[in-house]
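Heads up, the sequence shown is in this note's numbering, so the first residue is 1 and it goes up one at a time.
What the hints contain is simulated information worked out from the structure, not anything from laboratory work. Keep in mind the model is a prediction, meaning the values are calculated, not measured. Among the clues, some could well be false.
No farther apart than 25 Å at their CA atoms in a straight line, the calculated lysine to aspartate or glutamate pairs in the DMTMM-like style are these [said to hold, decoys possible]:
hint : residue 1 : residue 2
1    : 80        : 68
2    : 80        : 101
3    : 93        : 81
4    : 186       : 196
5    : 186       : 174
6    : 93        : 15
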Amino acid sequence: MRLIAEDLLLLLLDDRRGTPASQHTDLCLGGAVLAELALLGAVTVSERKGMWRSARVRVVPGAVVEDEVLRDGLALVAQKERSAQDLVRRLGKGLRERLGERLVARGILQRRDERVLGLFPRTRWPEVDSTHEEQLRRQLTATLCAGAEPDERTGTLVALLSAVDRAHRSVDHEGLSSREVRRRAKQVAEGDWAADAVREAVQAATAATVAAIAASSAAASSAGSS
1 MRLIAEDLLL LLLDDRRGTP ASQHTDLCLG GAVLAELALL GAVTVSERKG
51 MWRSARVRVV PGAVVEDEVL RDGLALVAQK ERSAQDLVRR LGKGLRERLG
101 ERLVARGILQ RRDERVLGLF PRTRWPEVDS THEEQLRRQL TATLCAGAEP
151 DERTGTLVAL LSAVDRAHRS VDHEGLSSRE VRRRAKQVAE GDWAADAVRE
201 AVQAATAATV AAIAASSAAA SSAGSS
């Protein structure tokens, strides 16, 4: 099974260097897992009620998922009721390496462990087979630049990319401006590519990703100024 989070990781990595384009990649991946669990009907993500109340996530009774990453995510959700924002952070922890290894096993990425300045360990994931990513970008281009109707997976991926302002960087614009592609991505994210309950849950998971990124950025800024 190919996860939405795996597709998202490919789109967020620099193909040649194998480094993430965003410092919030792990939070994005956590959001992708939560969104896919919602898409599969394994969890419900309640709508955020007011400024001071976060969306809550609950397991749907009897829910079963096949992929081990999603199973582990579902088990985490089942531990106790948590906010969607908290779960995005927890789900994303260590996920980049786990997904990277899966993509290495499929011959898509290569793992390179090294030390920056001879001191700081770093893992890079350069691409060795671009076939899948090229197909993925064609699907996104058809949706965002040619007006094709997205399926549920593509709609979810567009919603996640739009939330972190990466949609326009993931496609061939085909003559459109970045602003036009961004606008189309927002329209897709808010569109009717899935049943209302599922789409609303995915949108709540996406909003939680944005909130987690904002909280992380604020914390980093505060630490840097202290």
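Comparing the hints with the structure gives:
1. This hinted pair checks out: residue 80 and residue 68 have alpha carbons roughly 20 Å apart, not beyond 25 Å.
2. Among the hinted pairs, residue 80 with residue 101 is inconsistent with the structure: their alpha-carbon atoms are about 29 Å apart, more than 25 Å.
3. With a C-alpha separation of about 18 Å, the suggested pairing of residue 93 with residue 81 holds against the 25 Å cut-off.
4. For the proposed pair residue 186 and residue 196, the alpha carbon gap of about 17 Å is at most 25 Å, so the pair holds.
5. Between residue 186 and residue 174, the direct Cα distance comes to roughly 18 Å. Compliance with the 25 Å bound is thereby established for this hinted pair.
6. Note on residue 93 and residue 15: the hinted pairing holds, with a Cα-Cα distance of about 22 Å set against a maximum of 25 Å.
Violated hints amount to a single one, hint 2; each of the other numbered hints is respected by the structure.
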